[in-house]
Amino acid sequence: MNKLFFELGRYILFVRSMFFKPERFKVFFERTIHEMNNIGVGSIGIVTIISVFVGAVTTLQTAYQLVSPLIPMKVIGTIVSDSSLLEFAPTITCLVLAGKVGANIASEVGNMRVTEQIDALEVMGINSSGFLGLPKIIAGVIMIPCLIIVANFLMISGGILAARLTDLMSPNEFVQGARETFKMFTVTVSMTKALVFAFIITSMSTYEGYFTEGGALEVGEAGTRAVTRSCVLILFADFIIAKLML
Amino acid sequence: MIELVNVNKSFADKQVLFDINAKFEPGIPNLIIGASGGGKSVLLKCMVGLFKPESGSINYDGRDFVHLPYEKVREVRREIGMLFQGTALFDSLTVEENVDFPLKMFGKMTPDERKERINFCLSRVGLENANKKYPAEISGGMKKRVGIARAIALETRYLFCDEPNSGLDPITSRRIDELLHDITQEFKITTVINSHDMKTVYDIGESITFIYKGKVWWQGHRNDLDNTRAHNPELDAFIAASQF
Numbered sequence: 005m006n007k008l009f010f011e012l013g014r015y016i017l018f019v020r021s022m023f024f025k026p027e028r029f030k031v032f033f034e035r036t037i038h039e040m041n042n043i044g045v046g047s048i049g050i051v052t053i054i055s056v057f058v059g060a061v062t063t064l065q066t067a068y069q070l071v072s073p074l075i076p077m078k079v080i081g082t083i084v085s086d087s088s089l090l091e092f093a094p095t096i097t098c099l100v101l102a103g104k105v106g107a108n109i110a111s112e113v114g115n116m117r118v119t120e121q122i123d124a125l126e127v128m129g130i131n132s133s134g135f136l137g138l139p140k141i142i143a144g145v146i147m148i149p150c151l152i153i154v155a156n157f158l159m160i161s162g163g164i165l166a167a168r169l170t171d172l173m174s175p176n177e178f179v180q181g182a183r184e185t186f187k188m189f190t191v192t193v194s195m196t197k198a199l200v201f202a203f204i205i206t207s208m209s210t211y212e213g214y215f216t217e218g219g220a221l222e223v224g225e226a227g228t229r230a231v232t233r234s235c236v237l238i239l240f241a242d243f244i245i246a247k248l249m250l
Numbered sequence: 010m011i012e013l014v015n016v017n018k019s020f021a022d023k024q025v026l027f028d029i030n031a032k033f034e035p036g037i038p039n040l041i042i043g044a045s046g047g048g049k050s051v052l053l054k055c056m057v058g059l060f061k062p063e064s065g066s067i068n069y070d071g072r073d074f075v076h077l078p079y080e081k082v083r084e085v086r087r088e089i090g091m092l093f094q095g096t097a098l099f100d101s102l103t104v105e106e107n108v109d110f111p112l113k114m115f116g117k118m119t120p121d122e123r124k125e126r127i128n129f130c131l132s133r134v135g136l137e138n139a140n141k142k143y144p145a146e147i148s149g150g151m152k153k154r155v156g157i158a159r160a161i162a163l164e165t166r167y168l169f170c171d172e173p174n175s176g177l178d179p180i181t182s183r184r185i186d187e188l189l190h191d192i193t194q195e196f197k198i199t200t201v202i203n204s205h206d207m208k209t210v211y212d213i214g215e216s217i218t219f220i221y222k223g224k225v226w227w228q229g230h231r232n233d234l235d236n237t238r239a240h241n242p243e244l245d246a247f248i249a250a251s252q253f
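Those protein sequence lines, which keep their order, are chains W and G.
Letter 98 of the first sequence, counting from 1, is numbered 102 in my numbering, and no numbers are missing.
Letter 70 of the second sequence, counting from 1, is numbered 79 in my numbering, and no numbers are missing.
Don't read these hints as lab results, they were simulated from the structure.
Do not rely on the hints blindly, as some may be mistaken.
Said to hold, decoys possible - Now the in silico label distances, taken between C-beta atoms and shown as ranges:
#1 W:LEU221 / G:ARG183: 28 to 38 Å
#2 G:ALA246 / W:LEU8: 40 to 50 Å
#3 W:GLU34 / G:GLU195: 29 to 39 Å
No residue lacks a Cβ here, since even glycine has one placed at the ideal position from N, Cα and C.
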């Protein structure tokens, strides 16, 4: 229990130490753009593959469960689009991003720690936590919601594609079902989740990397811990957001 | 000048440094020597602010580094250059970008002036043709020299070197020693070098501080080392172990 409070306190202090006035705005801006490219553009491929398949599989499994002839097929469109927007796109995508982006950040920062590069920044008089962490957090909270928007679109597209390829229904029917019960609020929930999850992934991974001690083995362990803890926090935050907003 | 007054440092229950008092003068290489685990690196890290001592003061030309507010500490740190044992070059940046890093962060130079300064620093350490290479593409000795070039890029007043010769062959090691000696004299820097290499001590050391079990066991000039050995068994054992 003591360790939990120690880690929590250290994480809060670490996050607080990151928010500072950058030494050079130009350098800070360049680093943020670089991180946006790493986190956002670098993840488009995996997000595309996952989203299309999750949308397609959700459509097929929903159809399998709707056995009553009294329920119109367009309901599948409603279910797939709503569950994609509310849950699958933000949560599944962010769980995957916790693995891809989180491990990458933790190992990068952890490696900088064990090779004394972070000490070098500190000796120069640079706020190392802010210099390394803040651009990643800003890049994450900008790019991950963009990826979630793409994921939302691709999951629904995957659903339409699966329905069309398996002759379940026409794309028009699917879209009609999706539009009939569409509420803008579901997009708000989706984006709220994306923002919170993005913060969790980037801050937790930077934290784990920053406090790495030892060598190559510990850097690997930091990567694993970053992914595990980010995933648990994402699921926990998912529950809280759902409870508060729905 | 850097002056340490009664510096104490411990980790959990283990005290590592005991009432350290020492002075390091500008323009001469000041060497801290001692066996591994004796507290040399901890002392150096206290001096550059990576560890905070429990008590005592570290004065940089009269500025008490330990008790200054954070913003003032950062100002002092910008006058400090450090060559780390593992060089600590930024992997993702080229040699040129590594030297440019402090200039870009804190310098008030135009891009052309920065370029000129980078080339000056790199040529000063004898690395004219490595600008575009990454740290992974250069040798250990070259990395040390890039580390020195980065450390002096901002016209540093205080230079700290942690085991500058570790992992280097004797010829490269001597080159690095000579470079540190020349730079110290040329720019009138207060240079503090952590080493357990007695060859470095006899080659370039002027002011020597011998740390033993976390205490300053002896401080004096290199020329006095041989006379002191006879009366100082710990110092004698350390020097003798290096076959000097």
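Right, here's what the structure says about each hint:
The hinted window of 28 to 38 Å between LEU221 (chain W) and ARG183 (chain G) holds, with their beta carbons roughly 35 Å apart. Judged by the Cβ atoms, the range 40 to 50 Å given for ALA246 (chain G) and LEU8 (chain W) holds: they are separated by roughly 48 Å. Separation of GLU34 (chain W) from GLU195 (chain G) is about 34 Å and conforms to the stated range, judged on CB atoms against 29 to 39 Å.
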